[in-house]
Structure formats: C-alpha cells, structure tokens
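These protein sequence lines are chains A and B, in that order. First residue of the first sequence? That's 1 in the UniProt record's numbering, and the numbers climb one at a time after it. First residue of the second sequence? That's 1 in the UniProt record's numbering, and the numbers climb one at a time after it.
A couple of the hints might just be wrong.
[What the hints assert, rightly or not] Dumping the calculated DMTMM-like pairs for lysine to aspartate or glutamate here, alpha-carbon to alpha-carbon at most 25 Å:
1) K244/A <-> D222/B
2) K33/A <-> D139/A
3) K29/B <-> E140/B
4) K133/B <-> D222/A
5) K40/B <-> D55/B
6) K174/A <-> D222/B
7) K174/B <-> D222/A
8) K244/B <-> E272/A
9) K209/A <-> E250/B
10) K244/A <-> E272/B
11) K283/A <-> D222/B
12) K170/B <-> D69/B
13) K276/B <-> E213/A
14) K260/B <-> D243/A
15) K221/B <-> E213/A
[To be verified] The following residues of chain A were derived to be distant from chain B, with all beta-carbon distances above 10 Å:
16) N41
17) N109
18) S110
19) L115
20) P116
21) K133
22) K154
In short, the hints are calculated from the structure, not lab data. Using N, Cα and C, we set each Cβ at its ideal position, and we do this for glycine too.
What follows is each chain in one-letter form.
2 protein chains.
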Amino acid sequence: MLEDCDFDFKIAIVGLGLIGASYAMALKKLNAKHIIGIDKNSETLNKALHMGIIDSAYDEPGKYLKDVDFVIIALYPNDTINFIKANIQNFKTNVIITDTSGVKEMVMNSVDSFLPQSMQFIGGHPMAGREYKGIEYADEDIFKGANYIITPSKRNKKSSIDFVANMAMKFGCKNVEYISPHEHDSMIAYTSQLPHAIATALMNQNIDKKYFELFIGGSFKDATRVAFINSKLWTELFTMNSDKLIDEIEKFKKSLDRIKDDIENNNTVDLEQFFKNSSTLRKKIN
Amino acid sequence: MLEDCDFDFKIAIVGLGLIGASYAMALKKLNAKHIIGIDKNSETLNKALHMGIIDSAYDEPGKYLKDVDFVIIALYPNDTINFIKANIQNFKTNVIITDTSGVKEMVMNSVDSFLPQSMQFIGGHPMAGREYKGIEYADEDIFKGANYIITPSKRNKKSSIDFVANMAMKFGCKNVEYISPHEHDSMIAYTSQLPHAIATALMNQNIDKKYFELFIGGSFKDATRVAFINSKLWTELFTMNSDKLIDEIEKFKKSLDRIKDDIENNNTVDLEQFFKNSSTLRKKIN
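I would like the entire structure built from these sequences, with the hints used as guidance.
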C-alpha cells in the first residue's frame with residue numbers, strides 16, 4: 001500500500017512549526033487521505049485545522065497512532081528521539097518514521113538502539129527552511145527546487161527509503177541525495193554549524209563599542225547575520241555533533257592562523273595567493 | 001580662497017577608479033572650476049574626459065601640480081604614500097592633500113615624516129563603496145547618506161580639516177566624524193578586516209569537497225561573500241594594520257574557543273547564554 005505512494009492512508013505529523021506545517025500543506029496538495037497533526041500547543045493545532053492542512057489534531061501521543069502508517073517528526077533532535085522512545089508501544093508494528101533534524105548520526109544511533117526491527121526509521125533532512133519559525137510561515141513551496149537528503153542506515157528497507165524519496169520528489173524537490181549519517185554531519189559541521197559558530201563568536205567578541213555603529217559595513221553584517229539565532233535549537237545541534245564541529249573549528253583556526261602568520265612575517269606573496277585561492281573558490285558559488 | 005569652499009580653484013584627483021571618479025562626479029555636480037585627472041591608465045583618462053568629469057588629464061605627475069590647491073588621492077595605501085613622496089617638489093607650497101585609504105595610522109605617520117610643514121595632509125576615509133571596481137561603476141551618489149571619517153593629526157590646521165569636512169557634507173554625506181588614526185584602525189580591524197579574514201579562511205579551509213555544493217546554504221554564503229576579494233588591495237590593508245588585526249584575530253579565536261569549550265564540556269547553559277547574547281547584539285544592527 002505504501003509503495004505506490006498515493007498517500008491513501010493515515011499520516012501523522014509531529015510538530016507543526018514552519019517545517020512540520022509545510023509538510024502538511026505539501027501532502028494536502030497531493031490529496032493525502034488523512035493527516036493527523038500532533039503538537040503540544042493547542043493554538044497551533046487550531047490554526048492547522050482552520051487552514052485545512054490537517055484532518056485531526058492531538059496535543060499528546062496515544063493509541064490513535066496504531067492506525068498510522070507513516071510518521072513525520074519535525075521536532076528538535078532531542079525531542080525527536082524522546083517522541084519515538086515514548087511511543088514505541090503506540091506505533092503500528094510496521095510503521096515508517098522519518099525525521100527532519102539537522103544532525104543525523106546521534107539521532108539515528110539513538111533511535112536504532114531501541115526501535116523494534118519491524119519498524120523503520122528513515123533519517124531525512126530537507127535542505128529547506130525560512131528565516132522565521134512557526135506555522136504562520138509554513139509554505140509548501142519551501143520544498144520546490146530544494147535538495148532532500150536521506151541518510152540511510154543498514155536497517156532500512158529499500159522500499160521504505162524509496163517511499164520517503166518519492167514523497168520528496170512529489171513535493172517538487174530538485175534532488176534526493178543519499179549520504180551516510182556520518183558524512184552528513186561532517187558536511188553540516190563545516191557548511192552550517194561553523195558559520196553559525198563564527199557569527200555568534202564575532203558578535204560576542206569583546207570590543208570597545210564607542211565608534212562601533214559608525215564602522216559597521218556590509219562585510220560585518222554578512223558575517224554576523226545568523227548571530228541572531230534560536231538558542232535552544234542550536235545548542236542541541238552543536239552539542240549533538242560535538243566531535244565533528246570541534247574538528248571544523250580547529251581546521252578553521254589553522255586556516256585563520258595562516259593569515260596571522262603571513263601578516264606577522266609580512267609574507268605578502270603568500271597572503272595574496274591565499275586571497276586568490278579564496279576568490280577562485282568563492283566565485284564558483286552563487 | 002579655499003575656506004569658502006566654492007571649488008573655484010584647481011583640484012587634482014589621483015586615481016580614477018570607482019572612488020576617485022566618484023569624487024570627480026560629485027565635484028563636477030558642485031561646479032568645480034577645474035578638475036585634473038591623474039591616472040596611469042590612458043583609457044581610464046579618456047573615459048573620464050568623455051564623461052565630462054575631468055577637465056584635463058595626465059598619466060604621470062609633473063610641474064602642472066604647482067597650480068593645484070587641493071589634491072585628492074584615491075589610490076591603494078602604499079601608492080598613496082609613494083605618490084606624495086615623489087611629488088613633494090611638484091606640489092604648491094600650501095597645498096591641501098587628502099586620501100581615501102582604509103588604513104590610516106601607517107599612511108599618516110609615513111606621510112607626516114617627509115611632508116614639509118607648509119603642506120597639509122588630511123587623512124580621510126569615506127565609508128562608501130561598491131562591490132565592483134573601476135570608473136564604469138563611479139557614482140556621485142555613493143556619498144549620499146554615508147559617514148565620512150576624518151582622522152586629524154596634530155599637524156593639521158582647523159581650516160584645512162573644515163575644508164575637507166565641508167566638501168563631504170556638500171557631497172551629501174550624513175555625518176563627518178573625527179577619529180584618531182589609531183582608533184580608526186582598531187575599529188576597522190574588527191568591523192572590516194576580521195570579517196574579510198574570516199571569509200577567506202573559511203573558504204580556503206581544507207575539506208572533502210565531495211558533497212560540498214549540496215550543503216551550501218545561506219549561512220555559508222553570507223559568511224564567505226567577501227572571500228571573493230581584491231588580493232593586492234587587501235594584502236596591503238592587512239599588512240599595514242598588522243598589530244591591530246592580529247589583536248582582533250586573537251580575540252576572535254578566544255571567543256570561538258568559548259563555543260568549543262562549551263561543546264566539549266556539554267555546557268549547554270553557557271552555550272545557550274552565548275547565543276542569547278549574540279542574538280541581542282545582532283538585533284540592534286539592521
């Protein structure tokens with residue numbers, strides 16, 4: 001039934017924030033038969049019902065999950081693990097569960113350690129989002145043209161992976177990419193977590209603020225844009241990917257030290273080459 | 001004559017790139033009597049003549065400078081110093097010279113070491129610019145609403161400082177700020193040079209590029225935008241402000257190490273507080 005991907009079965013979406021509600025909207029567009037919305041916040045549930053993007057609403061898990069074939073969890077990483085753990089007895093025996101969290105290895109290892117063999121957990125990470133959070137900003141178009149990453153584990157059946165992949169393509173994603181949880185987390189440490197670490201560190205740097213505003217220009221604004229950050233979420237993302245992020249921070253400090261050494265030794269030849277390299281690499285990115 | 005600021009005298013602009021040509025345009029708008037353009041590149045000079053923003057053109061310095069009351073130098077820092085040094089004999093005895101370079105202490109100390117007492121060098125830094133370089137992108141509007149920083153030295157006469165300040169205000173600058181060369185360079189090291197160091201270091205960081213493009217998101221793009229950089233100019237800016245930039249790099253590494261320590265020790269309380277601080281500070285900037 002699941003394999004033909006016509007969504008003719010019950011789907012539960014856990015967490016109706018920006019991401020969860022966008023899944024609901026996209027699935028409704030594809031005529032999903034019945035979507036159950038689960039959220040702690042009853043106001044959010046009412047909004048989702050009012051928007052017509054869910055068919056029934058629950059503010060806590062329960063036996064109703066026994067009828068649900070497919071569960072999408074759009075919570076913070078720790079809450080994702082905790083939700084699955086707390087509902088093992090509620091899930092249908094052959095349920096497929098997917099998530100959307102930005103760190104994969106720790107979430108998947110944790111879930112796989114207690115998930116019964118009959119159930120499938122497919123790690124997912126849609127490379128989509130918005131600057132704002134909350135159901136108000138939900139939009140099925142966030143998936144359009146995005147890359148959808150699936151991080152398969154050895155336990156995953158091909159049919160279950162294909163089911164999630166098909167959904168992503170029907171949402172309008174450009175590509176589905178299959179990457180190991182480890183590789184995913186290494187790349188994310190460099191391309192997303194490190195820039196967030198840099199932005200917050202630069203913003204918090206201890207300086208004499210006397211003339212600060214006068215001197216703020218485009219380069220400072222760009223470098224600190226994400227210093228306005230969701231503290232709770234990013235604390236989880238950083239601490240749940242600690243080894244890989246520490247590696248990237250150390251690599252970055254070495255890269256920065258090359259500049260420092262060049263300045264200290266007045267090595268203009270090496271510094272110019274360093275800038276030429278960075279220009280060549282940056283030019284390749286839009 | 002100079003004090004009434006009606007530009008009824010000869011002005012020379014040295015270097016007709018984006019900045020120099022924008023000065024020429026702004027001064028022409030204010031009916032400057034005669035603008036001499038000086039540039040090594042004869043094509044640039046022809047363009048400037050064709051655009052009607054200069055009245056005469058020279059591709060090298062010479063005796064014609066004897067009639068010039070006001071010289072604006074829009075060259076790289078080292079070329080600024082070298083141009084003044086090479087033309088001491090050519091300048092009018094009571095000439096006023098200003099510059100536009102992004103580092104001030106080393107330029108001013110150097111110029112003041114050989115400039116005759118009768119001549120005035122007023123350090124200037126219009127906080128204006130464009131992403132592109134060259135006369136094609138010149139625009140008198142770059143000054144509109146910008147802050148114009150003047151870094152006075154003890155040798156500067158008030159009347160000469162006021163002359164440059166009046167010009168800036170007539171260009172449409174929002175404010176003229178007077179800051180010591182030392183303070184200017186300290187602030188620039190933090191708000192401009194450090195973000196450029198970060199961007200180039202992050203871009204040059206040694207990583208496995210296999211999935212790189214798939215993972216590039218907004219935070220990485222923002223953090224590396226200025227990694228596409230004018231290598232020669234920024235090599236000068238960095239090495240001519242070495243002590244202050246090294247200070248800022250060290251402060252930044254300490255700030256980044258707080259994140260690293262928090263992750264290593266799983267100190268989620270401190271990390272959340274760090275993110276809350278950065279959010280509060282970033283929110284104050286547009």
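Cross-check of the supplied hints:
1. K244/A <-> D222/B: Within the cut-off at roughly 22 Å; holds.
2. K33/A <-> D139/A: 20 Å, holds
3. K29/B <-> E140/B: The given pair, whose Cα atoms are some 8 Å apart, holds under the 25 Å limit.
4. K133/B <-> D222/A: 20 Å, holds
5. K40/B <-> D55/B: Satisfied, since the Cα-Cα distance of roughly 17 Å is no more than 25 Å.
6. K174/A <-> D222/B: 23 Å, holds
7. K174/B <-> D222/A: With Cα atoms ~23 Å apart, K174/B and D222/A stay inside 25 Å; holds.
8. K244/B <-> E272/A: 19 Å, holds
9. K209/A <-> E250/B: Roughly 18 Å between the alpha carbons, so the hint for K209/A and E250/B holds.
10. K244/A <-> E272/B: Given pair K244/A, E272/B holds - Cα atoms ~19 Å apart, limit 25 Å.
11. K283/A <-> D222/B: OK: K283/A and D222/B at ~13 Å, within 25 Å.
12. K170/B <-> D69/B: Given pair K170/B, D69/B holds - Cα atoms ~18 Å apart, limit 25 Å.
13. K276/B <-> E213/A: 20 Å, holds
14. K260/B <-> D243/A: 10 Å, holds
15. K221/B <-> E213/A: 24 Å, holds
16. N41: Per Cβ check, N41/A is outside 10 Å of chain B; nearest 21 Å; holds.
17. N109: 17 Å, holds
18. S110: 15 Å, holds
19. L115: 25 Å, holds
20. P116: At about 30 Å from chain B, P116/A clears the 10 Å cut-off, so the statement holds.
21. K133: Non-interface label on K133/A holds, nearest chain B Cβ at 13 Å vs cutoff 10 Å.
22. K154: 20 Å, holds
In terms of the numbered hints stated before, the structure departs from none.
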